[in-house]
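Asker: One line per chain: the protein sequences are A and B, in this order. According to our numbering, the stretch in the first sequence is residues -10 to 217, in order. According to our numbering, the stretch in the second sequence is residues -10 to 217, in order.
Check the hints yourself; a few may be wrong.
Identical copies look the same in the list; a pair holds intra-copy or inter-copy alike.
[Stated by the list, open to error] Simulated crosslink set (EDC-like; lysine to aspartate or glutamate; CA at most 20 angstroms straight-line):
| hint | residue 1 | residue 2 |
| --- | --- | --- |
| 1 | Lys150 | Glu79 |
| 2 | Lys150 | Glu120 |
| 3 | Lys86 | Glu195 |
| 4 | Lys150 | Glu195 |
| 5 | Lys49 | Asp24 |
Think of the hints as simulated: they come from the structure by calculation, not from any bench.
Number of protein chains: 2
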Amino acid sequence: MDIEVVLVNPVYEGNVGAVARVMKNFGYSGLTLVDPCELGSFARAMASHAHDVLETARIKTLEDVLIASNLVIGTTGIVGSRANVRAPYELARLGVKLSEMRGIASILFGAEDQGLSNEVLQECDIVVHVETSTRYPVMNISHAAAVILYCIASATTPAAKRTVATHADLDRLLQHTSEVLEAIDFPAHKRRRVLFNLRRIYGRSELSTSEVRTLRGILSRTELRVRR
Amino acid sequence: MDIEVVLVNPVYEGNVGAVARVMKNFGYSGLTLVDPCELGSFARAMASHAHDVLETARIKTLEDVLIASNLVIGTTGIVGSRANVRAPYELARLGVKLSEMRGIASILFGAEDQGLSNEVLQECDIVVHVETSTRYPVMNISHAAAVILYCIASATTPAAKRTVATHADLDRLLQHTSEVLEAIDFPAHKRRRVLFNLRRIYGRSELSTSEVRTLRGILSRTELRVRR
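Chain A on its own, in the form it takes in the complex (with noise of 0.2 angstroms):
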């Protein structure tokens, strides 16, 4: 889905520009403010290399809002059990849910000091909150959404693949150390214990070829060595 990030009622400007920088940071652009604070020269030392989301971020009534999306998403530091306006959608399943829809998701966000009000979260489709301790649970706007669309961009950029090692790569390399414990007189009743334990090792290494190629450097010099 297109993500719009709508900022209702914002108090600060240096917050503003902050929420633009972490926009940026995760590839978002569509900024909306309803009814904000005046946009200085804080805002832009905020957003930092951001000043474009600043510069583009439209100006509209929440009714506009509301009408020009497809979800609206509130948000909450406040969070409220079952039937209640404050009850939250899972933030973890939020990236998946989006990633299967197409149209324009608006994600809400309160003034810092007070959040979104009840008539403004009950017109939401629904509701994520971060998941915070309850000793300090007020988090800065930028910083949830920071989290908020961490969790969004995640969902939707797969994760880089790593190539491991071939199961017959360790067995070669655990061949070769075991040729290694015998060229150094390692005890021959205790080897097949160490073999079995670095294999295990190795195991939850996810080694790349290119790394079983560097231990296996290290067996190649300490045979030359032990053996000249």
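Put chain B on the given structure of chain A with help from the hints.
Answerer: For chain B alone, coordinates are given in the frame of chain A:
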């Protein structure tokens, strides 16, 4: 694991305060500073209600941090491939990894302008990276901390489970709906299709028992009104 956030040569006091705030938001309190800038009123303002994290921060040498850690986690905004010192461990896996271990995990963040040097990253057991847009990959340090700490915290606190209505509850809701369709003279040949559509809509909705009750309340009122 016990999480220790380590800021190496932080340059801007506001960022130190913002990191303290986001730490407290996620329930972490161990902050260590290596050769930090002066911390004054702006750091405290950005820390908001996390003054305690700032005030109990320890100043240490990097060497002392490394010695006291079980796992040293570097952070980098620039990734490298394979054997590179900046080859990242997948952030999405970090939380699970830490939740299965015991001891102190130190998460190192470098200076805002430069990040951690290759020399420091070489000392780290693993390196993590917040996946960003290639167009603007430079995150604010407190935004990066927010995302990384969120990933760790959410992996260690299991998601709250929702109790959904039983299949039998849904059957009764659909049976009730079927009766109302008859009462309102909904075309008989379309009823089965509509009921099937509703079953799938409700299946996706993960209705709670009380939401089923709400829907049946509407049906009962409809029946009452129609039969009057």
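Asker: With reference to the structure, classify each hint as holding or not holding.
Answerer: For each hint, the structure was consulted:
no.: 1; hint: Lys150 x Glu79; in the structure: between (26 angstroms within a copy, 10 angstroms between copies)
no.: 2; hint: Lys150 x Glu120; in the structure: between (29 angstroms within a copy, 14 angstroms between copies)
no.: 3; hint: Lys86 x Glu195; in the structure: between (31 angstroms within a copy, 14 angstroms between copies)
no.: 4; hint: Lys150 x Glu195; in the structure: within (12 angstroms within a copy, 33 angstroms between copies)
no.: 5; hint: Lys49 x Asp24; in the structure: within (8 angstroms within a copy, 46 angstroms between copies)
Going down the numbered hints, you'll see the structure goes against none, and every one checks out.
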